[in-house]
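Chain order of the listed sequences is A and B.
The first sequence begins at 1 in our numbering and counts up one residue at a time.
The second sequence begins at 1001 in our numbering and counts up one residue at a time.
It should be emphasised that the hints constitute simulated quantities derived from the structure, not laboratory data.
The C-beta atom is built at its ideal place from N, Cα and C for all residues, glycine as well.
Incorrect hints may have been included.
[To be verified] Quick look at which bits of chain A chain B covers, simulated, 3 or more residues with Cβ under 8 Å:
no.	segment
1	29-35
2	97-103
3	138-145
4	160-169
5	175-181
6	240-249
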Amino acid sequence: MARSSLLGTAPVPHADEGSECGLTNNERKGFGFPAETVDDYATGVVLQAGYRSELSFQQPKVLSYDPVKLFSPFGPWRALCSPKTRRATVFSAAGLAWKHFSFFTIALVAGGSVGPLANQEAEDALENLNTIIAGGLFFLLGPFVGTACARMWSVRTSGVGALWGTVLNLSVLAAAWFHTGSVADRSARDLIKRLGLASHALLYKEARGEDNLDDLVHAGLLLPEEAQALAPLPSKGQVVWSWLTHFWARVLSGELDVTPVPHAATLQPMIMQKCLNGQDAIGTALTFANAVRAHLVGGLPLRSSADVVGTSAASNPIPTCTCSPSSRRSRFSSTPWPRESTLGGTSTTRTGMA
Amino acid sequence: MLASQPLNACSLIACAALRVSAFTVIFSGLTAMGSSLDNPLGDDPSDLPGVSYSTFIKDGCEAWYAGVDRAVAGAWWEGLGVRHSQSKARRGTGKDYEA
């Protein structure tokens, strides 16, 4: 059964209909589509259902949990026995069993071969060495994990949370100002919501190294011409905020047919600051994402920087976007303002945009 | 020597095995936590559920729109009055206050 998109207005092709991109039902579970949840009643954990994205399978992610159930006397054991919840623990780490077996084998061989030859003094020396290594290990790993947690929380609050709040702030202003029900007002509301959601989705896609925007086009978050314009550009999520900033500048200057904003000149700095907050939130999130591991080993930062440069140079220039064939020659000059016809505007302005 | 007794020897071996096991689990757990938190926008189960957040944002936007639309359509708070002439003069078209 075909699923409707999150915005409800975009045409969502069905795989059986021979669509251009041939999305399967599983691929209609990403950004732009309603989120599905999976409840684990035994542990009180609610997870976002997994789906396949462009590069990898997005595993079920923890949405919430019931602390009373999870930290009850048998809660941890239920979590370990539940396949759904165990995937969110460290026991799902790849190669954990093999690593344990390797460590045990090495310890057994070393102890069995050296142990009978060691005297009391050697045993004491080994004991001291063991204690020093254990202490040093956790002395190094403790700050590393603490830094990782702090940066994750920064991404959650200063990145995703700030972006979330900015989109909602602009939407509540749009709800208050563009309330006449005219075509221009409804289009303006939809534009703010759509581009806000698109910037949120692009933040995740950029952090995952995904360049293909077909799924966002089919979900109705991006128009084909928008995806075409974004395809060769870096920082796609922030480019969307430049569009939103441009949109608000035109609204506040009275160029569009939307309901005029009262005291526009006075409110302009506040609106512009909101737009900058949205752009800044994406930059903050991307700064912290993928930046923790470089501090584990001193030799990694330089090498990881080189990897990033090499990767971006190799993969970014020509992203694949089968639904929106690119045209490098006229990419910028021919990109129309999204749904400009419905927003209205003076003829002079439209000529200027073209 | 204590270890010469079979029971004590077994206890010592069990404690050593437990220690190796605990260190391995703790070390693996800490490194797995660091690796998992490395990119909170990635595909690990502990990463941020972006699709759900997207749904929450969309629901929030539509809630603001629907709330204002209901208030306008229902002509609530009529006792406050509407200054048609001043709003028209100040805003040019005055479309916003005519509805």
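Here is what the structure says about each hint:
1. 29-35: Since 7 is at least three, the answer is holds.
2. 97-103: Contact hint for the segment 97-103 of chain A vs chain B: holds, 3 residues under 8 Å.
3. 138-145: Held - the segment 138-145 of chain A has 5 residues with a Cβ nearer than 8 Å to chain B, which meets the minimum of three.
4. 160-169: holds (count 4)
5. 175-181: Check passed, 6 qualifying residues.
6. 240-249: Violated - the segment 240-249 of chain A has 0 residues with a Cβ nearer than 8 Å to chain B, which falls short of three.
Figure legend: structure checked against the earlier numbered hints; the only hint not met is number 6.
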